[in-house]
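Trainee: Here the protein sequences come in this chain order: A and B.
In terms of the numbering used here, the first sequence is residues 1 to 253.
In terms of the numbering used here, the second sequence is residues 1 to 269.
Treat the hints with care, as some may be off.
[What the hints assert, rightly or not] Incomplete in silico selection of chain A near chain B, CB under 7 angstroms: (1) Tyr-20; (2) Leu-61; (3) Ser-62; (4) Gly-72; (5) Pro-74; (6) Pro-77; (7) Asp-78; (8) Glu-82; (9) Arg-84; (10) Leu-89; (11) Gly-110; (12) Asn-113; (13) His-143.
[To be verified] Cut-off 20 angstroms, straight-line C-alpha distance, at most; resulting in silico cross-link-like pairs (SDA-like, lysine to any residue): (14) B:Lys-129 / B:Lys-157; (15) B:Lys-37 / B:Met-99; (16) B:Lys-157 / A:His-117; (17) A:Lys-126 / A:Leu-61; (18) A:Lys-250 / A:Pro-233; (19) B:Lys-157 / A:Lys-250; (20) B:Lys-78 / B:Ala-141; (21) B:Lys-157 / A:Gly-118; (22) B:Lys-129 / B:Ile-87.
[Said to hold, decoys possible] Derived coverage of chain A by chain B (criterion: at least 3 residues anywhere in the stretch with Cβ under 8 angstroms from a Cβ of chain B; other residues may be distant): (23) 21-34; (24) 194-203.
Hints are computed from structural coordinates only; laboratory data are not their basis.
Just so we're clear, the structure is a prediction, and the values are computed from it rather than from any experiment.
Just so it is clear, CB atoms sit at the ideal spot from N, CA and C, and this is done for glycine as well.
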Amino acid sequence: MTELPQGSPTLQIADLHYEYPDGTSALRGVDLTIRSGERVAVLGPNGAGKTTLMLHLNGLLSPASGAVVIEGTPVTPDTAAEIRQRVGLVFQDPDDQLFMPTVQQDVAFGPANAGLHGEALESRVKRALREVDMLSSANRPPHHLSQGQRRRVAIATVLASEPDILILDEPSSNLDPTSRREVAEVLERLGRTTVMVTHDLSYALQLCERSVILSQGRIVADAPTVELLSNAPLLATHRLELPYGFDPTKLSA
Amino acid sequence: MTPRQTGPRVGDHATGHLVGDRLYVARSSRIHDLPAKVKLVVALATVFLIVLTPPEAMWAFFVYFALLVTVLAMANIKMVRVLPRFIVEVPFVVFAVLMPFIGQGPRLEVGPVLLSEAGLWSAWGLLAKATLGLFVSIILAATTTMSDLVEGLHQLKFPSLIVAILTSMIRYVNVVTDEAARMSRARAARGFSGKGPRSWPILAHSLGTLFIRSYERGERVHIAMLSRGYTGELPQLGQGRTVAPATWAAAALLPALVLTVCLTAVLTQ
Numbered sequence: 001m002t003e004l005p006q007g008s009p010t011l012q013i014a015d016l017h018y019e020y021p022d023g024t025s026a027l028r029g030v031d032l033t034i035r036s037g038e039r040v041a042v043l044g045p046n047g048a049g050k051t052t053l054m055l056h057l058n059g060l061l062s063p064a065s066g067a068v069v070i071e072g073t074p075v076t077p078d079t080a081a082e083i084r085q086r087v088g089l090v091f092q093d094p095d096d097q098l099f100m101p102t103v104q105q106d107v108a109f110g111p112a113n114a115g116l117h118g119e120a121l122e123s124r125v126k127r128a129l130r131e132v133d134m135l136s137s138a139n140r141p142p143h144h145l146s147q148g149q150r151r152r153v154a155i156a157t158v159l160a161s162e163p164d165i166l167i168l169d170e171p172s173s174n175l176d177p178t179s180r181r182e183v184a185e186v187l188e189r190l191g192r193t194t195v196m197v198t199h200d201l202s203y204a205l206q207l208c209e210r211s212v213i214l215s216q217g218r219i220v221a222d223a224p225t226v227e228l229l230s231n232a233p234l235l236a237t238h239r240l241e242l243p244y245g246f247d248p249t250k251l252s253a
Numbered sequence: 001m002t003p004r005q006t007g008p009r010v011g012d013h014a015t016g017h018l019v020g021d022r023l024y025v026a027r028s029s030r031i032h033d034l035p036a037k038v039k040l041v042v043a044l045a046t047v048f049l050i051v052l053t054p055p056e057a058m059w060a061f062f063v064y065f066a067l068l069v070t071v072l073a074m075a076n077i078k079m080v081r082v083l084p085r086f087i088v089e090v091p092f093v094v095f096a097v098l099m100p101f102i103g104q105g106p107r108l109e110v111g112p113v114l115l116s117e118a119g120l121w122s123a124w125g126l127l128a129k130a131t132l133g134l135f136v137s138i139i140l141a142a143t144t145t146m147s148d149l150v151e152g153l154h155q156l157k158f159p160s161l162i163v164a165i166l167t168s169m170i171r172y173v174n175v176v177t178d179e180a181a182r183m184s185r186a187r188a189a190r191g192f193s194g195k196g197p198r199s200w201p202i203l204a205h206s207l208g209t210l211f212i213r214s215y216e217r218g219e220r221v222h223i224a225m226l227s228r229g230y231t232g233e234l235p236q237l238g239q240g241r242t243v244a245p246a247t248w249a250a251a252a253l254l255p256a257l258v259l260t261v262c263l264t265a266v267l268t269q
């Protein structure tokens with residue numbers, strides 16, 4: 001991992017357009033710059049294009065027009081292999097992400113694809129599992145883990161590739177409050193550049209200083225999270241809602 | 001070897017054995033500790049030699065049986081523990097029982113019926129070889145976890161596509177059966193009993209839904225794999241360790257003994 005001075009742009013998205021094969025327009029000109037060390041929440045209702053945007057960030061989808069640049073490297077089919085080691089995607093359902101027979105083998109999958117083996121691979125796997133407090137479960141099959149443990153292992157599977165950027169799709173979905181807090185603690189401790197795609201507004205507030213709202217394929221707001229969440233009319237326009245009884249202005253005080 | 005989980009199982013899968021782990025009997029033994037690829041090669045060679053043995057040398061099959069019982073004992077597994085597993089052989093037994101009646105050639109008078117002599121030998125051969133072959137695979141499955149077996153196949157240069165398919169099967173068979181169980185509970189919760197031909201369309205729809213869900217999951221899993229640099233070949237994971245010649249030699253003792261018996265049987269016929 002290259003050490004960059006805090007604040008240089010790590011991820012740049014410029015005028016990104018994408019249409020599904022059936023002609024439905026999913027992204028209509030997304031512009032977004034994320035700086036090194038930032039944790040940013042991409043908020044938006046279901047169907048806003050959040051997951052589609054995420055799949056562009058490591059070249060799983062190719063844009064109709066526009067560009068994604070990671071640390072100066074444009075994402076293209078030619079650079080995809082390299083980009084996929086540098087951008088770690090954590091998917092919403094850990095059962096989709098954890099496909100190997102044991103936790104350890106799953107965490108090793110990414111770096112092994114990049115050619116790591118032997119002791120170097122082993123120490124990578126150990127470090128990644130330690131970072132999410134799951135080292136003691138290394139030899140267990142994913143099926144034996146709780147939802148929260150699976151989520152943390154899913155995070156370890158991408159940490160093992162030592163990515164520059166961590167992208168998480170709905171990291172709090174299907175978690176009970178305790179697992180939710182444990183995952184949040186892990187993310188906070190990692191201190192990596194993180195993009196968190198979610199409609200869980202209180203989680204965004206807890207973890208991300210900055211948030212953007214993606215609505216109908218465009219970034220319609222980009223501001224400190226407290227500010228966004230305090231703007232009730234803005235949230236209402238984009239089908240976003242705070243949990244019952246939640247007042248972000250009181251928390252910030 | 002993957003240590004078997006002993007603590008309480010976490011999560012929503014509290015019922016029953018996991019499908020993938022059903023056959024494995026956790027013990028600590030020299031047989032369990034053998035690398036999976038060694039066990040695979042030994043098992044294959046042993047079955048092959050047993051099948052080559054002429055059925056007329058009846059004694060040979062009893063020696064084989066004794067050898068396999070010894071291996072099972074070395075694995076610290078009691079015969080009663082694996083005995084029920086022989087039930088999968090029943091269809092072969094039925095077929096073997098029929099053979100003396102439908103066989104050709106000279107007949108033997110056994111009580112009130114005339115039986116074909118060739119048919120009797122074939123029946124015996126089929127029964128003995130199937131039972132012993134099954135015994136070998138039962139020992140293999142009881143002493144090796146599924147994931148180690150797949151890893152072993154991978155190390156033996158089994159085609160990587162098939163290894164990848166087996167790997168996903170092991171991983172997802174439980175996810176899919178859980179999903180099927182949830183669907184069945186949801187049906188039952190709305191008063192569905194599932195008896196008689198009237199319920200067939202409902203069951204067919206459920207099966208279709210299950211298929212589509214699994215298919216979609218397959219797509220999502222594939223995307224997740226690509227996202228971590230998958231290029232169509234599973235990386236060599238786990239212990240790519242080379243097996244010590246001494247280990248091979250010790251494990252080869254079984255097929256070597258079987259070979260000796262087999263040769264003796266062939267030569268004395």
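Trainee: For the restraint on Leu-89 of chain A, tell me whether the closest CB of chain B is nearer than 7 angstroms.
Mentor: This hint holds: Leu-89 of chain A lies near chain B, its Cβ roughly 5 angstroms from the closest one there, short of 7 angstroms.
Trainee: Under the criterion of a CB-CB separation shorter than 7 angstroms, is Ser-62 of chain A in contact with chain B as hinted?
Mentor: 13 angstroms, violated
Trainee: Report holds or violated for the interface hint on Gly-72 of chain A, using the least CB-CB distance to chain B and a cut-off of 7 angstroms.
Mentor: Cβ of Gly-72 of chain A sits 20 angstroms from chain B, so the hint is violated.
Trainee: Hey, Lys-129 of chain B versus Ile-87 of chain B, does the alpha-carbon distance stay inside 20 angstroms?
Mentor: 15 angstroms, holds
Trainee: Verify the interface restraint on Pro-74 of chain A: the C-beta must sit less than 7 angstroms from at least one C-beta of chain B.
Mentor: 18 angstroms, violated
Trainee: Does Lys-157 of chain B pair with Gly-118 of chain A here, judged by a C-alpha cut-off of 20 angstroms?
Mentor: Given that 20 angstroms is the threshold and the Cα spacing comes to 19 angstroms, the pair holds.
Trainee: Counting residues of the stretch 194-203 of chain A with a beta carbon closer than 8 angstroms to any beta carbon of chain B, are there 3 or more?
Mentor: As far as the stretch 194-203 of chain A goes, the hint is violated, because 0 residues have Cβ atoms under 8 angstroms from chain B.
Trainee: Taking 20 angstroms as the top limit, are the C-alpha atoms of Lys-250 of chain A and Pro-233 of chain A close enough?
Mentor: Between Lys-250 of chain A and Pro-233 of chain A the Cα gap is close to 18 angstroms, so the pair holds against 20 angstroms.
Trainee: Please verify that hint: Asp-78 of chain A, Cβ, nearest Cβ of chain B, below 7 angstroms or not.
Mentor: Interface hint status for Asp-78 of chain A: violated (14 angstroms vs cutoff 7 angstroms).
Trainee: When you check the alpha-carbon spacing of Lys-129 of chain B and Lys-157 of chain B, does it fall within 20 angstroms?
Mentor: Judged against 20 angstroms, a Cα distance of about 28 angstroms means the pair is violated.
Trainee: Would the pair Lys-78 of chain B and Ala-141 of chain B pass a check requiring their Cα atoms to be no farther apart than 20 angstroms?
Mentor: Distance of about 14 angstroms is within 20 angstroms: holds.
Trainee: Could you check if Glu-82 of chain A really has its C-beta closer than 7 angstroms to a C-beta on chain B?
Mentor: Glu-82 of chain A check fails; min Cβ-Cβ to chain B is 9 angstroms, beyond 7 angstroms.
Comparing the model with each numbered hint stated earlier shows that hints 1, 2, 3, 4, 5, 6, 7, 8, 14, 15, 17, 19, 23 and 24 do not hold.
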